[in-house]
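Peer 1: Please model the complete structure; the sequences and the hints are all you need to start from.
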Amino acid sequence: MELNTKGRYAVMAMTYLAKFGADAALPLSVVAEGQHLSLAYLEQLFVRLRRAGLVESARGRSGGYRLARQPEAINVAEIMAAVEEPVRMTRCEGLDGGGCLGDQRCLTHELWEALGEHINTFLTHVTLAEVAAGMPGRDREAGAEDWLRRFGMAAE
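If you want my numbering, it's the position in the sequence shown, counting the first as 1, plus 134.
To be clear, the hints were calculated from the coordinates, so they are not data collected in a lab.
Treat the hints with care, as some may be off.
To be verified - Using 20 Å as the maximum straight-line C-alpha spacing, the simulated EDC-like pairs for lysine to aspartate or glutamate come out as follows: (1) 140 with 219; (2) 140 with 190; (3) 153 with 167; (4) 153 with 190; (5) 153 with 218; (6) 140 with 167; (7) 153 with 264; (8) 140 with 237; (9) 140 with 218; (10) 140 with 177; (11) 153 with 237.
All values derive from a computational prediction rather than experimental measurement.
Peer 2: Here's what the structure looks like:
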């Protein structure tokens with residue numbers, strides 16, 4: 135699975151706000167520079183994030199954006215949904231919009247659909263605060279196991 139830039143950039147920018155914008159609104163130019171992202175692209179994303187109620191904007195000299203809720207109360211799936219970044223593993227539109235192969239499902243459809251459900255469950259349970267604090271790295275096997283166990287996906 136590969137996420138488009140909308141979802142990745144939105145999560146990066148929101149994480150930056152969670153980590154560095156607790157005391158005051160941050161101008162988008164600061165967020166863009168801090169994360170090496172396009173300011174014009176962030177402006178488009180933040181319109182959607184504001185509409186979704188995830189960020190608030192402040193005008194004036196000390197204007198910018200701040201989180202609308204505590205980072206513990208915002209999950210990654212909400213951010214992805216706000217910028218219309220679906221996490222789907224199948225290429226079909228479901229039974230209503232046609233199957234993987236026109237009018238039928240491919241042989242591995244259920245596999246990819248189940249994987250997509252696991253990813254969505256994971257992203258729903260990961261808060262912005264946890265991302266800002268640092269997710270377990272791939273080299274920290276024990277930390278990753280704890281996360282997988284939390285979602286019932288750890289190896290027995």
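Peer 1: Please list, smallest to largest, the hint numbers that this structure does not respect.
Peer 2: Failing hints, ascending: 5, 8, 11.
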